[in-house]
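Undergrad: Chains R and H are the protein sequences, given in the same order. Here full-length UniProt numbering is used: position 264 in the first sequence is 264, and no number is missing along the way. Here full-length UniProt numbering is used: position 361 in the second sequence is 361, and no number is missing along the way.
No lab work stands behind these hints: they were computed from the structure. Keep in mind the model is a prediction, meaning the values are calculated, not measured. Yeah, the Cβ is synthetic: ideal placement off N, Cα and C, and Gly gets one too. Don't take every hint at face value.
Unchecked claim - The calculated label-pair distances, taken between Cβ atoms and stated as ranges, are: (1) Pro284/H to Val285/R: 55 to 63 Å; (2) Asn200/H to Arg10/R: 55 to 63 Å; (3) Ala90/R to Asn198/H: 53 to 61 Å.
Stated by the list, open to error - Taking lysine to aspartate or glutamate and the EDC-like style, the derived pairs with C-alpha atoms no more than 16 Å apart in a straight line are: (4) Lys3/H to Glu68/R; (5) Lys245/H to Asp278/H; (6) Lys89/R to Glu68/H; (7) Lys89/H to Asp11/R; (8) Lys373/H to Glu9/R; (9) Lys3/R to Glu437/H; (10) Lys373/R to Asp153/H; (11) Lys3/R to Glu442/H; (12) Lys300/H to Glu437/H; (13) Lys128/H to Asp278/H; (14) Lys3/R to Asp278/H; (15) Lys4/H to Glu9/R; (16) Lys3/R to Glu68/H; (17) Lys3/H to Asp153/R.
There are 2 protein chains.
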Amino acid sequence: MEKKILLTERDMPTQWYNIVADMPNKPLPPLHPATKLPVGPDDLAPLFPMELIKQEVAAEQYIDIPEEVQQAYRIWRPTPLIRATNLEKALGTTCKIYYKYEGTSPSGSHKPNTAIPQAYYNKQEGVKRIITETGAGQWGTALSFACSQFGIDCEVYMVRISFDQKPYRKILMNTFGATVYSSPTNQTQAGRNALAANANTPGSLGLAISEAIEVAISDEQTKYALGSVLNHVLLHQTVIGQEAKKQLEYTGDYPDIVIAPLGGGSNFAGLSFPFLKDKIAGQPVRCIAVEPASCPKLTKGKFMYDFGDTQGYTPLLPMYTLGHTFTPAAIHAGGLRYHGASVLCSQLLKDGLIEAQAIQQLECFEAGVLFAKAEGIVPAPEANHGIAQVVREVNKAKEEGVAKTILFNLCGHGFVDMAAYQDYFDGKLQNHSFTDEELTAEISKLEALQP
Amino acid sequence: MEKKILLTERDMPTQWYNIVADMPNKPLPPLHPATKLPVGPDDLAPLFPMELIKQEVAAEQYIDIPEEVQQAYRIWRPTPLIRATNLEKALGTTCKIYYKYEGTSPSGSHKPNTAIPQAYYNKQEGVKRIITETGAGQWGTALSFACSQFGIDCEVYMVRISFDQKPYRKILMNTFGATVYSSPTNQTQAGRNALAANANTPGSLGLAISEAIEVAISDEQTKYALGSVLNHVLLHQTVIGQEAKKQLEYTGDYPDIVIAPLGGGSNFAGLSFPFLKDKIAGQPVRCIAVEPASCPKLTKGKFMYDFGDTQGYTPLLPMYTLGHTFTPAAIHAGGLRYHGASVLCSQLLKDGLIEAQAIQQLECFEAGVLFAKAEGIVPAPEANHGIAQVVREVNKAKEEGVAKTILFNLCGHGFVDMAAYQDYFDGKLQNHSFTDEELTAEISKLEALQP
């Protein structure tokens, strides 16, 4: 048995899988916050190129991946599927554990899977500059790289606390040619408001989104790009799960359980949607989204219409949310600190097609260090959430005396996040839970937004 | 054509290639500094397990890779060979450029190729603890990982300036379970001497080697490990070139030029030795070792007997050297700041079988940024030296109106070295050359050591 199951470039998927076609209940439409009517393509045109807007509302089951995008994917795709033989040994389990490893990409995570097509479609439609925000820095790095591939200027609003704490991420973006701002800036109204309210604010992802959108809509040749949450972003990520399915076919195995962390939803969707297609058709596969206990939108949030950003610049989206004014605890998995879950993942959870688990960060780091020693890859703190859930499922299987086949998404490596591990070793990390009252306070503010 | 030429695990080499068998002039023996007589196995026994000592003096052309080592290699090997199509486009060249990418390993460089067998042989012979030194941190990380795989304690003496400037590297080693000291320490005589002479010394690789050796010989169950220079280290790295040859066979190409950076020599040897086998047999392939202009042992050093460390604890080795008391300029490619070149590479250079080039660091970083934007991998500063030479060869081929096939070793990624890129962008990096007088002063001190 080979430890790594590799595909050739000829085996790569040539289409993205659109789960909307197979969902028993279709997602509710995004609404205009003023009229509470469904937003149309024209409402989104200042932000996104038309081809991405079409994908956002597409109903067909498969959408062709343009040849130029496939070409750029080949810089690092297909990614390996790896049998975690050493982790199995360390856990003393008879379960089979496989992981899809997305850390071999230019930015070290799954994010370039959507950055590349987004830059491509913008280029096709004559866009000269793309503005985005980034929290921990993964998305900003991915878009910087993608823009450098297609010759588009890239500007990134990076949440101030990450800008200060993660200088390596900023330098990576600079290396790929992007300009990076510490958000909030005084270049936008949203930024000036935030600075006026608190000059020392650490910033937030929602605020950085507000700034990026404000700049993007002010200039016709400039567009905006989002690294998660939206339907077209999740669509692009399905190359992950499609590859994994083909790779598992070579082994003769099919997963009983599919696990991935969930921040906005693109990582989880990327791996799980091609397997959910089978589940909808009757295959008994469990798909588990893992969120940090300090930002528990799936397990403690409510399914409601809410904004995607802090300022309320986006359409209203129907999702599991903690409220757009919710401030997650300052944990080290920055990519999971987002108040809501994507519309598609939210609908699937509502319909019982996926499961959700919340895990505290100490348990996640413990699992990550175990994994690093066994498998030789130091995971990104976000990825540790998936690994911690794998450990839980392995223990459960042991108690039940059964052997499961488990697949998880190792969505990125931790080379640029080592400070988080230092804090863990130094005992500086803490678990954090919000009280029900704290959570209810923010969520109840959403009542006024409902149609 | 696939961009990435992948091998399966079944295609991996099962033997290491020992170039000594094919060298027209065999390497001169290491000498005991007191007697000036060749050192025997017993002299080395306090430092290394016997199986590695045997490999150090082996004469056979191929040496079997133990099954357990092959198993551990499969965690990340075989590594990809990649056609640098985007770099070719960026350079506007008709040359074919291929790179072997060793950055997918647990530590992000080629170093685990020797760390794994070294840990394995130590384990076989009952060793409980391995001591080593590390400069930039690549070797220490690799050995930490290898020791965690085989259940051996690992202690690393890390050059103080790197310990302070590269905290991420230290944390990586901690994550793999190693103990890391800032060298010089007051735990060794060598360290105390250095601190007495200058309490604020930044440390040096030669000094850290002295400390590690001192600790290793003081305890029977403890051995020492070296990450480059020695014959057995170079031997283990030949998996790189053997894989690359097989991968190139699939393309139908054979390189006109093989390029790799040279610090101690293991990276260069790893890629080039299997091709030098062909060259010795008549194939017209040029193998070019690239060193930093600020540490020019190959281009401006002298072929003499010299110590491997600062204190003079090692046997005398016949090599191109700048003198063991030479202090290289403080450039960012820490892995290339070593005063001498391995015995094997030195003999091959003396015999005209390989070439050497020295390049300044600004040219190297310029090439590295170009590569990152094109190919999506930010190279380690050491690796940039190889890329800079590729650019030179491409330009030369353009002038001559010919198209060459060039292969280079991208020995590691730069995710943990981003501070170096920041310094480059900020204009803080400088070129540096030593005058002939400066170089002669240190080298002339070696006369007394010659047999």
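Undergrad: All hints are to be evaluated individually against the structure, with a verdict given for each.
TA: Hint by hint, here is what the structure shows:
1. Pro284/H to Val285/R: 55 to 63 Å: At roughly 57 Å between Cβ atoms, valine 285/R and proline 284/H fall inside 55 to 63 Å, so the hint holds.
2. Asn200/H to Arg10/R: 55 to 63 Å: 59 Å, holds
3. Ala90/R to Asn198/H: 53 to 61 Å: Violated - the Cβ-Cβ distance for alanine 90/R and asparagine 198/H, about 45 Å, lies outside 53 to 61 Å.
4. Lys3/H to Glu68/R: OK: lysine 3/H and glutamate 68/R at ~14 Å, within 16 Å.
5. Lys245/H to Asp278/H: Holds. Lysine 245/H to aspartate 278/H sits at ~11 Å (cutoff 16 Å).
6. Lys89/R to Glu68/H: 15 Å, holds
7. Lys89/H to Asp11/R: Not OK: lysine 89/H and aspartate 11/R at ~25 Å, beyond 16 Å, violated.
8. Lys373/H to Glu9/R: With a Cα-Cα distance of about 21 Å, the restraint between lysine 373/H and glutamate 9/R is violated, given a limit of 16 Å.
9. Lys3/R to Glu437/H: With Cα atoms ~55 Å apart, lysine 3/R and glutamate 437/H exceed 16 Å; violated.
10. Lys373/R to Asp153/H: 13 Å, holds
11. Lys3/R to Glu442/H: 50 Å, violated
12. Lys300/H to Glu437/H: 11 Å, holds
13. Lys128/H to Asp278/H: The given pair, whose Cα atoms are some 41 Å apart, is violated under the 16 Å limit.
14. Lys3/R to Asp278/H: 32 Å, violated
15. Lys4/H to Glu9/R: 8 Å, holds
16. Lys3/R to Glu68/H: 14 Å, holds
17. Lys3/H to Asp153/R: Measuring from Cα to Cα gives roughly 26 Å; hence the hint is violated.
Against the hints set out earlier in the document, violations occur for numbers 3, 7, 8, 9, 11, 13, 14, 17.
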